[in-house]
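Following the hints, complete the assembly by docking chain Y onto the known chain F.
Keeping their order, the protein sequence lines are chains F and Y. With the numbering used here as the guide, the letters of the first sequence map in order to residues 1 to 143. With the numbering used here as the guide, the letters of the second sequence map in order to residues 144 to 891.
Keep in mind that the hints were calculated from the coordinates and are not lab data. Wrong hints could be hidden among the right ones.
As the list claims (entries may be wrong) - Just a few of them, taken from the derived set where beta-carbon distance is under 8 Å, the chain F residues facing chain Y: (1) A20; (2) R27; (3) L29; (4) P68; (5) N70; (6) S93; (7) D94; (8) K114; (9) D115.
No experiment lies behind these values; they were computed from the predicted model shown. Glycine is no exception: its CB is placed at the ideal position from the N, C-alpha and C atoms.
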Amino acid sequence: MNPDRTGHPLKILLVDDDPAEHLLLKRTLEKVDGPPIELDYVGDIDSAVECVKAGDIDIVFLDNRLVPNNDFRETAPQLREAGYVGPIGIISSDISGSYFQQFPDFGVDFRIGKDEIDRTAISFIISEYTRDQLSDNCAEDFS
Amino acid sequence: MQLPAEILAKALYDTFPDPVLVTDVDGIIVAANQAAVTLLGYAEPDILGMEQAKLETSAEGLLSPGQTLSATEKEAAGWVRRNARLRCKDGRVLAVELSQGPLSAADAASAGTVMIVRDLTRLNQELKTGWNDRNEPEPFLRSALDSVSHGFAIYDPADRLVLCNTAYRTMHADFTAAIELGKTFEEILRETIESGRYPQAGSTPEVRQAWILRQLDIHNNPGEPYVYQISEDQWVQIEDRVTEDNYRVGLRADVTDLVRAKSEAERLGFILEGVAQEVYLVRPKDRSIIYANKAARDNLQYSMEELRGMDARDLNAEYRPEEISEKMQPLILGKTKVLQLDTRHRRKDGSIYVCRIRVQRMENAPEPMMLSLGEDITERLEIERALDRKQTEFESLVRSLPDLISRAHPDTTLTYVNENYARFTGCKAEDMVGRKFMEFIPPEMRPDVMKKISGLTPERPMKTLERQMQDHAGEKYWYSWTNLMVFKEGEPVELVSVGRDVTDSYQARERIAHQTQELAMRNDALEQFAGIVSHDLKAPLRQIRLFADMIAEDVGAGKTDELEMLSAHISDRGKAMEQMISSLLEYSQLAYRTIKPTQFNLSDAVAEAWSNLVVHASEAKARLTIESDAEINADFNLMVQLLQNLFANSMKYSVVGTPVVVRVDVETSDTEVSIAVADNGIGIDPAQAERIFGVFQRLHRDELQYSGSGLGLALCRRIAESHGGSIALDASFQRGARFVITLPKRGL
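Excised from the complex, chain F in its bound form (with noise of 0.2 Å):
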């Protein structure tokens, strides 16, 4: 998982049905300093599931509002019963809703408004959500 000893690009999953925020998260990324990120994009949550069945996705970024569905409480499950474990992020222009703070009742790990994403917060996000959660010496064990 960790791109500097797997020697693969760090893969980041947007699911948004506005294609025009894959545009912006792209450029974005181009800014983040560090190992390669490569951002795959699906506008749908269908999609979605599909493409963490494929694996290989480190990050899942997920839009709140994902038409026809009500809000991520209906698309994060979808994932987490797809199989994957990894951390997902849910993103919206807006994040003060209340039912926001049940995030972690319904698999997501963090949470983050759109206009809150630039390259620190990608760098933080990345840093805290992909390195080994195991120490150093363990992590050598295991790999």
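Just chain Y, lined up with the frame of chain F:
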């Protein structure tokens, strides 16, 4: 031959049957005849020279020659007779009667006393046995005396008991042992007292002696008969008389019953005098007052002397005497036993008071008597009048109250209804009484009302509920009913119900509730609006800013290949925002406006809506069919907008290549109008049946194929709800989409 006087005296002395003793002037016995020797048992030499005082056992009564005798002890001139006790030689003590006389002599030295002794003990025995021994009528007399209940005793002139019967002994139980014939009255007293059988006489000799002297005085000088209590529950009337020949006759009558009756009569008299009620006894013959108790005398201000004999009718200030006689006639004739009469009595000072009298004829009295019980009811009448006034005021108040008031048994059987309640039901109050008030409640509401009433407990005896009621004319009202169950010792005894017309209040509350609901809807819409502004408008703005930043970056870096694409994104985002803002403006103008309902045919609104979309309809080759029509009460413009939005959706979400067909059907019931708008388009997933009515909720992101703001159906719902109706997707319809609008038939 004539015997010398001495010889004759000596012969008489020797042969005299009674003992004779002669003493000298010093009281020394100087002579005793044979009878004396025989009686006393002394030999003549022994008795001669003996002091008379030593012969008698007690000095009491000892007569010395110089002693003064009382008048009663004097008998003949110079002779006295007294009782004494002589001691015989063998120690016996004899009760004797001594007749003493002076013995005169020529010389003083030979003077002395001669005593003739009479043995009373023997006399008593003779008296006791004499009647039996002699075949005379006395036994019959004695038996007859014993059979009478009165005590009877006779004392002779010497106060010796010569006759007494059993009743006499019984009535003097403490003295019975001492009562013997021959004993004097004094001896009987003394013997009894000395024996201790009559401690009441006193505890000291002085007191006892005084008591004896008192009794002797009464015995010797009898006065009027008197009643003496001889035991705790027995009274005897004592009557002593002295006959001409100086015999004392004692008569004893047991008057216990008489004393008791007298006591009871006295007690009854005290009670009659003490009772607060006025009591009169009137003789019916002449209507004269025989008795009036203290309460009557005090109130009338007359004394008993003044009232006694007064014509009872003169006390009456209400009726003339003949009128009273007429009223009393049934009582006097025995046609009725009791007569009650409210009348007025006149006092001595002329003042008058109201009284209630109850007259009863006393048949068991020795002579016919009228018992009249009177009660001054002046205060009572004032209280009753005050109560009547209160009652009248209360009834007047209850009548004037607009509330419906009833009283009923716990099983709801009415015992009282006020006029308003009767007027409401269209019945007479007296016709409602006796019926259960459940009969006046609509059948569908009875179980609920009964449940509420049966739920009343001593701890929570009162409950209030609101329910709709219909008067006799069919008008409907809302009433707030307060039911109070009165309990006595835990058991329900009465149900008091008060119903207040709260129709205005209820309608006001309904209006407020409706307005509150409307306000909540508007608040909700405003909240959504704020959410849309913060989310749906913020998103394109952010994108525009980022695309602009990217253009700046590219221009700064000399890159120009993506500028067209980036500027196109900015343009798209800008257009989307324009459409969104326009839609919001339209939504806010329609959704929050106050409706102005009018009566119109639905077909008119349908035609207007279709006409507004004629260009789109032409492009989609759309066709409208409407088979039925109905008159509805709604805001015409809003209904046109609602139908127009539905028609627009039908044209927008059509199956490519298929002409659009829109069908409108109308159904009416008693309470509502149902308008169904169906098309043959692509249809809507039933799972989205509710979500599609949300603001900016779109099922299709592809603006190229299905453009729209996502406000159309939200606006349709607002319009339907503002009319008190609803709109819903018919999830069962599968050949396209079908929406059903339901409106109340009467509108608002």
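- Please name the hints from earlier in the document that this structure breaks, with their numbers sorted from lowest to highest. 3
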